[in-house]
Structures are given as C-alpha cells and as structure tokens.
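Colleague: Residues per chain, in single letters:
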Amino acid sequence: MPSVPRANRSRMVLILIIIVCIVVVTLYVRESDQGPLHKTQDIFLDLVSPISSGFAKILRPIKDGFINLFHLPSLSRENAELRREVADLKRKQIGAKELEAEVADLKELLNWSEKNPEMKNVGADIIGQSPDNWQRLMIVNAGSSSGVKKYMSVVTREGFLVGRIISVGSRSSVVQLITDSRSAVGARDQRSRETGVVEGRNRSTIRFVPMTDEADMKVGDVIETSGLGGTCPPDIPIGTICEIEKREKGLTLLVEVEPFVEFSKLDKVLVIITPEPESVILKEAQ
Amino acid sequence: MSRKRQVFVAGALALAFLLQLAVMPQFKLLGVQPDLLLVVAVVVAIQDGPIQGAVAGFCGGMLQDLVSPLVMGMGALTKTVTAYLAGSLKGFFVTYSILLPVILVFLAGVADPVMHQVMLIILGQEKLPPFQVNVILASAIYDVLAVLVVYPLMGRFSFPGQGDSLALLRSGGE
Chain A
0 MPSVPRANRS
10 RMVLILIIIV
20 CIVVVTLYVR
30 ESDQGPLHKT
40 QDIFLDLVSP
50 ISSGFAKILR
60 PIKDGFINLF
70 HLPSLSRENA
80 ELRREVADLK
90 RKQIGAKELE
100 AEVADLKELL
110 NWSEKNPEMK
120 NVGADIIGQS
130 PDNWQRLMIV
140 NAGSSSGVKK
150 YMSVVTREGF
160 LVGRIISVGS
170 RSSVVQLITD
180 SRSAVGARDQ
190 RSRETGVVEG
200 RNRSTIRFVP
210 MTDEADMKVG
220 DVIETSGLGG
230 TCPPDIPIGT
240 ICEIEKREKG
250 LTLLVEVEPF
260 VEFSKLDKVL
270 VIITPEPESV
280 ILKEAQ
Chain B
0 MSRKRQVFVA
10 GALALAFLLQ
20 LAVMPQFKLL
30 GVQPDLLLVV
40 AVVVAIQDGP
50 IQGAVAGFCG
60 GMLQDLVSPL
70 VMGMGALTKT
80 VTAYLAGSLK
90 GFFVTYSILL
100 PVILVFLAGV
110 ADPVMHQVML
120 IILGQEKLPP
130 FQVNVILASA
140 IYDVLAVLVV
150 YPLMGRFSFP
160 GQGDSLALLR
170 SGGE
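In order, the protein sequence lines correspond to chains A and B. Just so you know, the first sequence maps onto residues 0 to 285 in numbering that gives the first Met the number 0. Just so you know, the second sequence maps onto residues 0 to 173 in numbering that gives the first Met the number 0.
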C-alpha cells in the first residue's frame with residue numbers, strides 16, 4: 000500500500016518543519032543582538048534591500064496613481080480647506096508683520112540639518128515597510144557602511160522625529176516608528192517642560208505618559224524629545240497634544256499626541272549619526 | 000508537485016514577499032494590509048495538498064521573519080500550521096467553487112495572527128503588539144480580496160502531471 004508510507008512521510012515533513020521553527024524561535028530568543036540569527040537577519044536585509052528598492056521604484060507610478068485615486072475625496076476636501084485658508088491669508092495680509100513672524104517660524108523648522116550643525120546625519124530613502132499589520136517599521140537604504148548604528152534616531156528633513164534604528168545591515172537598516180507598539184521615547188511638553196514617555200500603540204496617534212498625574216499640559220502643546228533615556232537627542236519635535244483624558248480613578252493622565260510626521264507620505268529621512276546614542280557608546284565601551 | 004510547479008510556487012512566494020515589503024503598505028485599506036504570503040501558502044495547500052502548503056507557509060513565514068525583528072521563526076511556525084490546517088480542511092469538501100478558498104483564507108487570516116499572539120504570550124514577550132480584533136477581521140477580509148486574484152492565477156499556472164487536484168481544477172471539476 001503506497002499511500003500509508005506517503006502519509007507518514009508527509010507527517011514527518013510537517014513535524015520536522017515544526018521542530019525547525021521551534022529551534023529557531025528558541026535560539027533567537029536566547030541569543031544576543033550579535034548572535035548568528037540576528038546577523039542572518041542583517042545580511043538578508045542587505046540582500047533584499049536593492050531588489051526591494053528597485054521594485055518600489057518600478058511600481059511607484061502605479062502606487063501613486065492608486066493613492067491619488069484612493070485619496071480623491073480627501074484631496075477635494077483638502078482643496079476646499081486650502082481655498083478657505085487662502086481667503087483667510089488674504090485678509091491677514093493687512094497684518095503683514097504677523098505673517099512675517101509666521102514665515103520666520105516655518106523657516107526655523109525647515110533646513111533643520113543646517114540649523115543643527117552639531118548633529119551630523121545621513122540621508123536615506125525608504126525602500127520598504129513592515130510586512131505585517133502588527134509592527135510599524137520602515138526599511139531604509141543606509142546601513143553600517145554609512146555610519147548607522149543601532150538605536151540612532153531618525154528624523155524627517157524638517158527635523159520631526161520618525162523613530163529609531165533597531166536593526167542594521169551594511170547598506171540598509173530597519174527603523175522602528177514612534178507609532179510602533181514597542182516604541183518608547185523620553186519626551187517632554189515644550190511649554191511646561193513636564194517630562195514623560197511617548198509610547199506607540201500601532202495607531203496613527205501616540206500616547207504621552209507624564210511622570211506625574213498633576214502635569215500641566217494643554218491641547219495644542221508641542222511634545223518634543225527630552226534626551227532622557229539615552230537614545231534620542233533632546234529638542235526634536237514629535238507632535239502636538241490632540242486630546243487629554245483624566246481618568247477619575249486611574250493614576251495616570253492619558254495624553255494623545257498627533258505626530259508631526261505623515262508616515263504614509265514619507266519617502267526620505269535623515270539618520271542622526273552624531274551625537275551617538277548613549278546606549279551605543281556604552282555598548283562600544285564594554 | 001512537479002518540478003515546474005515547485006519553481007512556480009517559489010517564484011510566487013518571492014513575488015508575494017516583495018509586494019508585501021515594497022508595495023502593500025501603500026495599499027492599506029482601513030489601516031491594514033493583506034498577508035500575501037499567507038494567501039499564497041493557503042492557495043498552495045488547497046491546490047497541491049496540506050504538506051505542500053505547509054512547506055510554502057514555512058518558506059513564506061521565514062522570509063517575513065528575516066525582515067521583521069519581532070521573533071524569528073514565529074511567522075514561519077504559524078504560517079506552516081495555518082496552511083497545513085487549511086489544506087487538511089479542504090479535504091473534507093468536494094467542491095471546486097471559489098467559495099472554498101474564500102472561506103479557508105478568511106479562517107486562515109483570523110487563525111494566523113491569533114496563533115502568533117498566543118505564541119508570543121507563551122514565550123513571555125514583555126511588550127506584545129496590541130490584540131486588535133478589528134485589525135484581524137479587516138486583514139482577513141483583505142486576504143479574501145487578494146485570494147480572488149491569487150487563486151485563479153495560481154490555478155492557471157498548473158503543469159501537467161502534478162497531481163489530480165489541479166487537473167480537476169482546470170477541467171472545472173468534471
């Protein structure tokens with residue numbers, strides 16, 4: 000009877016695959032960041048990044064077309080809003096001085112890298128994103144050959160915080176976005192200087208957890224990095240407070256923050272090379 | 000499974016992986032993207048048999064794990080088991096309707112992330128991704144939309160002498 004051994008063989012193959020998976024999971028969880036499986040991930044990232052990059056470039060026109068089509072209703076809404084804004088601005092022309100101040104503020108945000116010469120950075124293109132719905136990651140085409148190291152911060156050209164590097168290949172790296180549920184960044188309220196931690200939740204908004212329940216915060220306040228924790232340099236803008244909920248019986252204040260970065264429209268980022276995160280310096284010293 | 004079919008399935012997995020990495024994040028609906036590698040594995044399980052599906056699930060899951068720094072091997076394990084179960088379930092039905100892959104892919108789309116979450120809990124991971132039922136359901140529905148394209152495509156590229164199930168598929172089940 001040939002069918003019985005065939006069925007047994009199939010079962011054997013399945014059991015073998017499951018055993019391989021369990022061994023890989025166990026080894027991965029137990030090994031350090033420099034272990035062979037983590038290294039394999041980094042090498043694979045380098046192998047796949049040029050293909051992924053080429054693929055993304057080829058398909059970009061189709062993708063853009065789809066996005067435009069998909070966002071058509073929101074674009075028309077945006078258009079109407081912009082028209083209203085233009086009308087408002089025309090009225091505001093009388094108060095030209097106010098506008099000038101506004102422009103100066105905007106200029107402050109632009110050319111961030113020129114304004115922060117002490118922070119050296121490398122530019123990188125986004126060549127891939129998280130392949131599942133459970134993580135918020137991006138793959139960029141800059142790696143250890145460009146000086147990128149684990150835990151370095153990633154910002155937009157305007158200087159808004161995007162996330163931090165969590166895996167480095169020689170020519171590519173994985174960025175954990177601030178919206179990822181495992182992301183936690185030391186932050187503070189720019190106005191009141193209340194410190195806390197900004198945590199991602201796999202949603203479009205992030206949550207600021209202040210150190211005290213009595214923290215002085217208002218909707219519209221800007222949240223920026225505090226520099227505490229040793230990975231992110233201080234004063235990098237993260238977002239604005241969009242909602243504050245004080246739980247009656249709870250101990251903590253729930254502060255929702257809308258990030259400045261529109262992650263879906265991001266195509267280029269800057270990785271801050273210096274100052275190096277303290278965790279990297281400590282690791283190298285060890 | 001014939002050699003040609005094996006090469007074809009390997010190519011389909013590689014393509015699905017690249018699409019998943021470089022393109023699908025831009026095609027999110029309701030904030031979710033389909034799991035193309037799971038869809039391909041389940042389709043292989045339906046068209047070629049549970050063990051072939053399990054191998055495809057393992058390869059697809061491992062590809063995904065290699066770029067996803069959560070826990071390596073976890074995606075491979077859940078996709079292997081999910082595709083195998085989907086292929087085994089298919090054995091209980093004598094139908095060649097498109098409804099069968101639709102239902103099986105939906106069930107697989109729900110089972111895979113649930114299994115993934117359970118495994119992370121068993122492993123004692125400190126910070127788990129939030130368990131969002133709406134995300135799981137939306138993603139499973141998106142998987143169903145994807146299988147409507149993937150299933151006929153993969154059935155069309157079957158090759159002579161690879162097994163009776165695909166021969167029946169091509170002949171419309173007669």
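Since the hints were derived computationally from the structure, they do not count as laboratory data. Glycine residues also receive a C-beta, built at the ideal position from the N, C-alpha and C atoms. Some clues are possibly wrong.
[What the hints assert, rightly or not] In silico DSS-like cross-links for lysine-lysine, where the CA-CA straight-line distance does not exceed 27 Å:
#	chain 1	residue 1	chain 2	residue 2
1	B	K126	B	K3
2	A	K119	A	K264
3	A	K38	A	K267
4	A	K56	A	K217
5	A	K217	A	K38
6	A	K245	A	K148
7	A	K38	B	K27
8	A	K267	A	K56
9	A	K245	A	K217
10	A	K56	B	K126
11	B	K27	A	K245
12	A	K119	A	K217
13	B	K126	A	K148
14	A	K149	A	K245
15	A	K149	A	K264
16	A	K264	B	K27
17	A	K267	B	K27
18	A	K119	A	K148
19	A	K245	A	K119
20	A	K267	A	K148
21	A	K149	B	K126
[Unchecked claim] Which chain B residues stay away from chain A? Per the calculated CB distances, all over 10 Å, these:
#	residue
22	V6
23	I50
24	T94
25	V117
26	L122
27	I140
28	V148
29	P151
[Unchecked claim] Computed beta-carbon distance windows for the label pairs:
#	chain 1	residue 1	chain 2	residue 2	range
30	B	L98	A	Q33	48 to 56 Å
31	B	L98	A	R83	43 to 51 Å
32	A	P233	B	V6	50 to 58 Å
Colleague: Give a verdict on every hint.
Modeller: So, going through the hints one by one against the coordinates:
no.	hint	in the structure
1	B/K126 x B/K3	violated, 43 Å
2	A/K119 x A/K264	holds, 24 Å
3	A/K38 x A/K267	holds, 26 Å
4	A/K56 x A/K217	violated, 42 Å
5	A/K217 x A/K38	violated, 45 Å
6	A/K245 x A/K148	violated, 39 Å
7	A/K38 x B/K27	violated, 31 Å
8	A/K267 x A/K56	holds, 13 Å
9	A/K245 x A/K217	holds, 12 Å
10	A/K56 x B/K126	violated, 34 Å
11	B/K27 x A/K245	violated, 33 Å
12	A/K119 x A/K217	violated, 33 Å
13	B/K126 x A/K148	holds, 23 Å
14	A/K149 x A/K245	violated, 36 Å
15	A/K149 x A/K264	holds, 24 Å
16	A/K264 x B/K27	holds, 13 Å
17	A/K267 x B/K27	holds, 20 Å
18	A/K119 x A/K148	holds, 13 Å
19	A/K245 x A/K119	violated, 40 Å
20	A/K267 x A/K148	holds, 18 Å
21	A/K149 x B/K126	holds, 19 Å
22	V6	holds, 18 Å
23	I50	violated, 4 Å
24	T94	holds, 23 Å
25	V117	holds, 13 Å
26	L122	violated, 6 Å
27	I140	holds, 12 Å
28	V148	holds, 15 Å
29	P151	holds, 21 Å
30	B/L98 x A/Q33: 48 to 56 Å	holds, 50 Å
31	B/L98 x A/R83: 43 to 51 Å	holds, 49 Å
32	A/P233 x B/V6: 50 to 58 Å	holds, 54 Å
Of the numbered hints stated above, those contradicted by the structure are hints 1, 4, 5, 6, 7, 10, 11, 12, 14, 19, 23 and 26, listed in ascending order.
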